[in-house]
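Asks: Each chain, written out:
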Amino acid sequence: MSNWKLYTPEGTSDLLPTQCAQKESIENSIAGVFESYGYQVVETPVMQYYDAYDTPTSKMEQEMLYKFFDNEGRIMVLRPDVTTSLARMVATKLAQGPFPLRMHYSGKVFRYVDSYSSIQREFCQSGIELVGVKSDAADCEVILCAMEALLSCGLETFQVEIGQVEFFKALMEQTGLDDENIETLRRYIDKKDTLALSNCIKKLVLDESIASLLLRLPTLFGGIEILDEIDESTLNEKARTALSNLRTIYETLAACGYEKYISIDLSLVKGINCYTGMIFKAFTHGVGFPICSGGRYDGLISEFGADIPAVGMAIGTDRLLSVLLRQNLLKEVSGADIFILSNDIARSYELATALRNEGYVVEQDTSGMNESEALIYAENAKIQGIMTVLDDCTVYVHNLLDGTKETTTIDELICDEECACEHCHGNE
Amino acid sequence: MRYITIALAKGRLAELTVDLLEQAGLSVSELREKSRKLIFTDEKNGFKFILVKASDVPTYVEYGAADIGVVGRDTLLEDGKDLYEMIDLGFGACKMAVAGPKELRGKLDGMNHIRVASKYVNIAKNYYQFEKKQSVEIIKLNGSVELAPLVGLSEVIVDIVESGKTLKENGLEVLEEICDLSARFVVNRVSMKMERERILDLVDKIKAQLKD
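Chains as they are written, first to last, in the numbering used here: chain A, 1 to 428; chain B, 1 to 212.
For the record, the hints were derived by calculation from the structure and aren't laboratory data. Glycine included, each C-beta is placed from N, C-alpha and C at the ideal position. Please note that a few of the clues may not be correct.
To give an idea of the interface, some chain A residues facing chain B are shown, with a C-beta separation under 8 Å as derived from the structure [claimed, not checked]: (1) T8; (2) K192; (3) D193; (4) S263; (5) H285.
Straight-line Cα separation of at most 27 Å, DSS-like style, residue types lysine-lysine; simulated pairs [to be verified]: (6) K207(B) / K107(B); (7) K207(B) / K202(A); (8) K270(A) / K125(B); (9) K168(B) / K191(A).
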């Protein structure tokens with residue numbers, strides 16, 4: 001039997017201090033943007049009952065889920081997303097409102113993904129849900145918030161692709177096809193596989209105008225102009241509403257100054273069992289997967305007993321982190337501000353505490369270093385200055401940023417002018 | 001200008017693709033030289049070409065290490081990666097099929113336990129699971145798959161059939177056809193959005209060449 005004690009489980013990884021600080025810093029900027037929009041932070045358990053992921057709307061392939069049993073024999077999962085458990089939370093505890101309800105979260109989700117090449121199985125997501133409103137404005141707000149969050153982390157180039165699953169569903173209603181045929185068409189459109197799509201359409205009996213529109217779907221992506229290329233006269237009401245929602249979103253975001261980041265893709269037809277309107281994904285250079293995705297899911301909360309519309313999105317913060325790293329956009333992580341050398345912690349404690357209270361990050365020596373050892377340590381740990389406590393009163397300060405050295409007193413360092421403490425006045 | 005990277009499957013497929021890319025206006029002279037290099041560039045048009053093993057092309061493209069790949073549909077089906085399959089290049093045409101001794105013709109559906117040998121484990125698995133709705137035992141082999149039924153390792157094989165000559169010489173024949181295969185031009189989902197114009201331009205040019 002092999003011994004695995006030295007390894008992290010497949011698809012998971014440790015975060016060392018620098019990476020972890022960088023990740024926390026981007027999570028904080030994202031949360032800052034969410035909160036500036038009025039979203040309030042919430043949490044749900046990482047463990048959930050399997051049943052929550054077995055409804056028609058929230059269904060996940062069981063192969064993707066981490067499953068185990070609780071002591072009563074019930075099937076549990078490690079949550080593959082946060083939205084589903086928030087939908088349960090809203091339906092069972094917040095269904096009386098007040099709406100709109102704005103929630104944000106940050107946490108881990110778990111999925112078994114393709115067993116060969118993809119190695120990630122534990123993902124970090126930061127996301128928002130805007131619950132209780134069904135409007136173009138709510139759709140816009142979520143996309144705006146996503147773009148601002150990405151920008152706040154320093155990401156400069158990205159593309160947000162916006163689609164509308166109701167458009168595809170409306171076309172399918174007009175054809176009257178069964179679920180199996182719909183799924184086949186959806187898969188070919190999603191893969192932009194026009195050859196397989198046209199072969200498939202030839203075999204089906206379809207209205208000519210719909211057949212030709214379906215055939216064009218894989219190429220219908222780009223700016224607002226692609227919406228003008230569609231002849232709406234043959235479409236049903238639902239399809240027209242879907243297109244008008246897309247147009248409003250595009251025009252609104254453009255008017256807010258984000259046109260260079262957005263485009264439309266009518267062949268974005270993923271997750272159609274959950275989504276019921278606008279969907280979007282954000283992409284950037286350096287990572288072959290979306291870094292953010294979201295959409296409207298008006299049917300999900302009703303699976304848990306309350307019919308409430310909602311729209312939301314999540315940013316994959318670990319993917320975003322790796323992108324920022326590759327694009328050299330991460331801020332350097334600095335070490336502590338001050339390293340205090342003293343042969344006695346009690347003696348320097350007052351100085352350290354006073355400096356900490358002023359907002360400095362202060363490390364105290366705990367290993368009895370001499371000055372040259374301290375210098376080497378400070379350099380490696382990116383510490384900005386060393387203070388050597390010489391006696392009860394005097395301190396030798398070495399500023400490693402500009403190289404200056406001076407001897408001063410503790411009082412000078414920690415007391416402001418109005419200070420009346422014993423140190424400042426006792427020696428006078 | 002950012003380079004657009006094209007992953008080519010080493011071997012005959014790469015040669016045919018190079019001709020096509022040249023006709024589409026890319027400078028491929030570096031690729032034609034005999035060398036052991038694996039990366040080539042077309043500075044003028046801002047393209048990079050990398051030569052990789054056929055079965056690795058979808059992986060390079062899925063991860064975005066290459067924006068575009070040219071690879072046989074067999075490899076794509078086997079890997080099941082999430083890519084855009086933009087063009088059927090037509091060349092390398094062949095079939096994926098179930099083959100076995102002719103005595104088994106017409107008897108496979110009624111068999112309780114079939115052992116299937118194949119290099120294409122996933123294609124075989126999906127075929128029996130979704131199309132035939134049969135539980136089978138799949139045996140992974142890495143080459144000379146035709147041998148398996150002859151020595152009793154399996155009843156049938158799932159493999160690529162071009163002329164059927166190898167099968168015939170080994171006393172096997174095609175029992176069921178699974179699907180047609182040929183080379184595909186695939187694109188990473190992100191690249192398609194980030195480099196839309198340049199990629200679509202290349203797609204149009206290649207499509208125009210294929211029509212002629």
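Asks: Checking against the hints above, which ones are violated?
Replies: 1, 6 and 9
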